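Take the sequences, apply the hints, and build the full model.
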Amino acid sequence: MTLAVELAYWQQTILRVVLVLAAVLLPAGTFVYLFLFKMISFMQSRLGPMETGPHGSLQLLAEVGKSLQKEDIVPERADRKLFKLAPYLVVGTVLLVYIAVPFGPDAYFSNLDGAVFYALAVSSVSTIGVLIAGWASANKYALLGGLRAAGQLIAYELPLILAVVGVVIQAGTLNLQQIVTAQANGEIFGWGAIGNPFILTQVIGFLVFVIASQAELTQTPFDMPIAESELVTGYITEYTGLRFLLFFIGEFAAVGSLAAIAATLFLGGWYFPGLSLDAGYMNVVGPLILLAKITILGGIVFWVRFTYPRLREDQLQRFAWTVLIPVSLFNILVTMVLKVAF
Amino acid sequence: MTVTEAQQRAYVAGQAADARVNLEIESEGMTLNLGPQHPATHGTLRIVAKLDGEQVVSCEPVMGYMHRGYEKLTEVRTYPQITTLINRIDWLGSFTNEVPFILAAEQLMEIEAPPRAQWIRTILFELGRIANIILFLGDMGVQLGALTPVFYAFRDREYVLNQIEAVTGGRFHPNFDRIGGLKDDLPKGWIDDTKAVMNKVRDFCDLLEELLLGNEIFESRTRGIGVIPGEVALGYGLTGANLRASGVDYDLRRDAPVPMAWNEVDWKVWTHPDGDSFARYWVRLQETREAAKIVDQLCDDIPAGPIMAKVPRIIKVPAGEAWVATENPLGEMGYYIVSKGDLGPFRVKIKSASFNNISIVPWVTRGVYVPDVITILASLYFILGDIDR
Amino acid sequence: MPPEDKTADEEVTDQQVEATDEAAEAEGHAEQTAEGSGDVDEAAAGTVAETPAEPAEPADPTSPASEDELRVGLLESMKEALGESLVGAHILDGKDLWIRVTSDAWRQAAEAARTRLGCSSFTFLSAIDWLPSPYGRSETSPFDPPPDKEQAQEAGFAGGETRFQLFMRVQNPERGFGITIKADVADPDAGVETIIPVYAGANWHERETWEMYGITFVGHPHLVHIYLPGAFEGNPLRKDFPLLAREVKPWPGIVDVEPMPDDGDGDDAESEATEGEEVSA
Chain A
1 MTLAVELAYW QQTILRVVLV LAAVLLPAGT FVYLFLFKMI SFMQSRLGPM ETGPHGSLQL
61 LAEVGKSLQK EDIVPERADR KLFKLAPYLV VGTVLLVYIA VPFGPDAYFS NLDGAVFYAL
121 AVSSVSTIGV LIAGWASANK YALLGGLRAA GQLIAYELPL ILAVVGVVIQ AGTLNLQQIV
181 TAQANGEIFG WGAIGNPFIL TQVIGFLVFV IASQAELTQT PFDMPIAESE LVTGYITEYT
241 GLRFLLFFIG EFAAVGSLAA IAATLFLGGW YFPGLSLDAG YMNVVGPLIL LAKITILGGI
301 VFWVRFTYPR LREDQLQRFA WTVLIPVSLF NILVTMVLKV AF
Chain B
1 MTVTEAQQRA YVAGQAADAR VNLEIESEGM TLNLGPQHPA THGTLRIVAK LDGEQVVSCE
61 PVMGYMHRGY EKLTEVRTYP QITTLINRID WLGSFTNEVP FILAAEQLME IEAPPRAQWI
121 RTILFELGRI ANIILFLGDM GVQLGALTPV FYAFRDREYV LNQIEAVTGG RFHPNFDRIG
181 GLKDDLPKGW IDDTKAVMNK VRDFCDLLEE LLLGNEIFES RTRGIGVIPG EVALGYGLTG
241 ANLRASGVDY DLRRDAPVPM AWNEVDWKVW THPDGDSFAR YWVRLQETRE AAKIVDQLCD
301 DIPAGPIMAK VPRIIKVPAG EAWVATENPL GEMGYYIVSK GDLGPFRVKI KSASFNNISI
361 VPWVTRGVYV PDVITILASL YFILGDIDR
Chain C
1 MPPEDKTADE EVTDQQVEAT DEAAEAEGHA EQTAEGSGDV DEAAAGTVAE TPAEPAEPAD
61 PTSPASEDEL RVGLLESMKE ALGESLVGAH ILDGKDLWIR VTSDAWRQAA EAARTRLGCS
121 SFTFLSAIDW LPSPYGRSET SPFDPPPDKE QAQEAGFAGG ETRFQLFMRV QNPERGFGIT
181 IKADVADPDA GVETIIPVYA GANWHERETW EMYGITFVGH PHLVHIYLPG AFEGNPLRKD
241 FPLLAREVKP WPGIVDVEPM PDDGDGDDAE SEATEGEEVS A
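Protein sequences, first through last, are from chains A, B and C. Per our numbering, the very first residue in the first sequence carries number 1; after that it's consecutive. Per our numbering, the very first residue in the second sequence carries number 1; after that it's consecutive. Per our numbering, the very first residue in the third sequence carries number 1; after that it's consecutive.
One should not assume that every hint holds.
When the alpha-carbon atoms are kept at most 30 Å apart in a straight line, the in silico DSSO-like pairs for lysine-lysine are as follows [said to hold, decoys possible]:
| hint | chain 1 | residue 1 | chain 2 | residue 2 |
| --- | --- | --- | --- | --- |
| 1 | A | K70 | A | K81 |
| 2 | B | K310 | B | K188 |
| 3 | B | K293 | B | K183 |
| 4 | B | K310 | B | K200 |
| 5 | A | K38 | B | K200 |
| 6 | A | K140 | A | K38 |
| 7 | C | K95 | B | K72 |
| 8 | B | K293 | B | K188 |
| 9 | A | K84 | A | K140 |
| 10 | C | K95 | B | K310 |
| 11 | B | K293 | B | K200 |
| 12 | C | K95 | B | K183 |
| 13 | B | K72 | C | K249 |
| 14 | A | K84 | A | K70 |
| 15 | B | K200 | B | K188 |
| 16 | B | K316 | C | K249 |
| 17 | A | K66 | A | K81 |
| 18 | B | K195 | B | K293 |
| 19 | A | K81 | A | K140 |
| 20 | C | K79 | B | K72 |
| 21 | A | K84 | A | K66 |
| 22 | B | K195 | B | K268 |
| 23 | B | K316 | C | K79 |
| 24 | A | K140 | A | K70 |
| 25 | B | K268 | B | K293 |
| 26 | A | K38 | A | K66 |
| 27 | B | K200 | B | K183 |
| 28 | C | K239 | B | K316 |
| 29 | B | K195 | B | K72 |
| 30 | C | K239 | C | K249 |
| 31 | B | K310 | B | K183 |
| 32 | B | K183 | B | K50 |
| 33 | B | K50 | A | K140 |
| 34 | B | K293 | B | K72 |
| 35 | C | K95 | B | K268 |
| 36 | C | K95 | B | K293 |
Since the hints were made in silico from the structure, they are not lab data. Keep in mind it's a predicted model, so treat the numbers as computed, not measured.
See the structure below:
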């Protein structure tokens, strides 16, 4: 990270921590307000929160405040250490994913050469957090939810990764910054006006990625682990107060993180055709562009969430193994052939 | 180093504790309690499910959390007081609870309400049916995870409730039926408003047909789930849309006529051969449309006349026994009144539809998955007040 | 109940129960046109209750005179199946059919209804406690006369001798008729045989009847409480089980117990009228 001002390493670290928190919480907060409070309300022909702040914009603040002042309850038979650890595991991995995402030509937390690999690997650590939450709660509902989550999250890892492999083949690199550059500099049949966002050539991969990420985020139609009408809230049942808030924020931040990955891989990341690739102002405009793309993708995730009923666990698994994985494998095959051919 | 006795005891206890934990894990199946407080069930119904993984080994509903002792209460009340009480059995289509009771009392007194009262009773009855089933249509979506259609259901139900309130003064508990007729006549302009509301109801049915019935996930969650063959359904006493969805063509409005106005209008009984949860949803959707059609036709032609027959102010129903059942939104609801010529009945047996409908749950949930239990319960559709009385 | 009916009641026997019903109906219909209903008994057609029905020609309790061909046919069919076990019948023309069987033929009757009459739909099963309630209608005001403890126990349609009477209803979905089957239960603890093998839906109904009346069902797989908590003692729907809330304190809905100053002492009819009007308005 190159800055105009020379900072000592510890100062850079603090800056990085603050920025990553902002990077995580800003999309999360936007999603919560925009989609959870307003979009779903309008879809359900109601207004949503209107009292706290103008049009309810400070509702999230109120919810945070409410959760923070609640009693710290750990169920008697729960495994205390694991019970307390689980939310941090789930949220922490989201923070780690954001480290790999580039926000501008120089605005990144670290330019990893294996960024794609790293991001996908780290995002699957939250599965352990979910399992731990389900088991340590000493509650049958939570256990059922945790077990369902384990099966589901592991099953949908594969299509997620395979969908990305197509992009990697096409771009020829695992480095997210270079993937953005490849999309910016690419051409569609010789026409270079909008670059070559990989969504056009990797449309199958994009669809598979979006579906798989919907499942990775346990959103309806894949929200069996949290099936509200059956399991109360699944593996989150025993959590209250700050820990519940962490799960809640973590869910929306995770949407943001996977949306960020998807935006970078398929939609061109922080680049917008017509703007420069390495000017200084892109370090300010780039994050905003990326945020806009994240919002669009997150909107799709939530739109689908509030429309569809949920799939049963076995139907979910069948869908992953018999539909998504073969499709993504096919996508890889086609990409490989076309890459060699062209 | 020698071990103290206390340490030894602690060690043994620890081993035993481990053994107990192991035993629990290795024991067959887990008992899951769905309810009595639970987002899935419409009220305080407790389902004790013994699971083997995600499959149900046995599933037993436990009820009575809302048992109010209606049959005992009716023994100490007069007939008008009982009308107030029985509104609260099926509280969503509440006018429909009063009707069979009043009809049974009228059968004992050997009077019939004047035609105008019969027609208006039928209209209000069908409005109650629409109000009740609209909620079901949205609510089944919620049980399956589609959170949005239920809001549309509540919104469109408001229109129907407004109409009921305009006539009776009560949205949920009209308490409007009297022995011999109705309490009051229709207000001015009500008929036109009701026809407009029926258009909205039809729009709502179209919307839900698209949103839920046409949704592939909904279909895959409900088709083939909880199949109840017609014979079994009859043996268990299932009635209403549950029975018709199993292919049995039995509708009390047509087959066991009572002095109401259903035979004056043109309508159809919907059945479905499959007997699964999808069929039950489908049949109820069609029935809502049919009910809207009935109300439209009835509203065109209400005969003029008195709204109340000549009955004494203090009603003493003559001695005898009477059974009247009508096709309520939840199924067949009937009252068996034993009268001794008093101000109030000697015994009233309230046969509510949901009691029979839910008695089939242990049979139909053998071997299904936990999510399917929720689907089946949702599709059988019960109201706690109806089960528990 | 008005005193005239009492005299009539004390003079009739079980076989004349239908006559009494008719008489009581005639009494109660003083202000209305009585449309002819089907429960005509030769002895009491349209007569007022001064003369008790002639004991000279006792009507056959299992063959009520009726013009409802369908139901007469059904009754004949059931008589064929049950023979001597069918001990009472009643037909309401165009509306309904009641039969009474002995309690050991309870299950046979259910089977006959299912196979012979085609009544495959099970509606309900419950019981009636014919004992007049010793507590009266405990929601009357303290100014009402106390409940008559001398009231005789009498059964309803199709007769009945014992205090408890089981009754069930089944329906034929194809042809749209139904039949109510009753049976006297002499000893509730000995009970009757369960009809779960005939109608699977009877399971919960029998549990409820056992819980509310104490009638045992022999052969029931799981005869436990269905509505009440497991440790509940007593059988609530029995008439001698008090509605405790109204024993503990008087009914809060008592209206206008003080007479108006210029009306003198408001007579019973006046206060009853007020009561009736208040609650039905």
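Here's how the hints hold up against the structure:
1. A/K70 <-> A/K81: holds (19 Å)
2. B/K310 <-> B/K188: holds (25 Å)
3. B/K293 <-> B/K183: holds (25 Å)
4. B/K310 <-> B/K200: violated (38 Å)
5. A/K38 <-> B/K200: holds (25 Å)
6. A/K140 <-> A/K38: The given pair, whose Cα atoms are some 33 Å apart, is violated under the 30 Å limit.
7. C/K95 <-> B/K72: Roughly 27 Å between the alpha carbons, so the hint for C/K95 and B/K72 holds.
8. B/K293 <-> B/K188: Within the cut-off at roughly 21 Å; holds.
9. A/K84 <-> A/K140: holds (18 Å)
10. C/K95 <-> B/K310: OK: C/K95 and B/K310 at ~23 Å, within 30 Å.
11. B/K293 <-> B/K200: Holds - the C-alpha atoms of B/K200 and B/K293 are around 12 Å apart, at most 30 Å.
12. C/K95 <-> B/K183: holds (27 Å)
13. B/K72 <-> C/K249: Holds - the C-alpha atoms of C/K249 and B/K72 are around 17 Å apart, at most 30 Å.
14. A/K84 <-> A/K70: holds (15 Å)
15. B/K200 <-> B/K188: Holds, at roughly 20 Å.
16. B/K316 <-> C/K249: Satisfied, since the Cα-Cα distance of roughly 27 Å is no more than 30 Å.
17. A/K66 <-> A/K81: holds (24 Å)
18. B/K195 <-> B/K293: Between B/K195 and B/K293 the Cα gap is close to 10 Å, so the pair holds against 30 Å.
19. A/K81 <-> A/K140: holds (19 Å)
20. C/K79 <-> B/K72: Violated. C/K79 to B/K72 sits at ~35 Å, over the 30 Å cutoff.
21. A/K84 <-> A/K66: holds (19 Å)
22. B/K195 <-> B/K268: holds (19 Å)
23. B/K316 <-> C/K79: Violated. B/K316 to C/K79 sits at ~35 Å, over the 30 Å cutoff.
24. A/K140 <-> A/K70: Within the cut-off at roughly 24 Å; holds.
25. B/K268 <-> B/K293: With a Cα-Cα distance of about 10 Å, the restraint between B/K268 and B/K293 holds, given a limit of 30 Å.
26. A/K38 <-> A/K66: The given pair, whose Cα atoms are some 20 Å apart, holds under the 30 Å limit.
27. B/K200 <-> B/K183: holds (28 Å)
28. C/K239 <-> B/K316: holds (21 Å)
29. B/K195 <-> B/K72: Distance of about 41 Å is beyond 30 Å: violated.
30. C/K239 <-> C/K249: holds (19 Å)
31. B/K310 <-> B/K183: holds (13 Å)
32. B/K183 <-> B/K50: With Cα atoms ~50 Å apart, B/K183 and B/K50 exceed 30 Å; violated.
33. B/K50 <-> A/K140: Holds, because 12 Å separates the two Cα atoms, which is no more than 30 Å.
34. B/K293 <-> B/K72: violated (39 Å)
35. C/K95 <-> B/K268: holds (24 Å)
36. C/K95 <-> B/K293: holds (29 Å)
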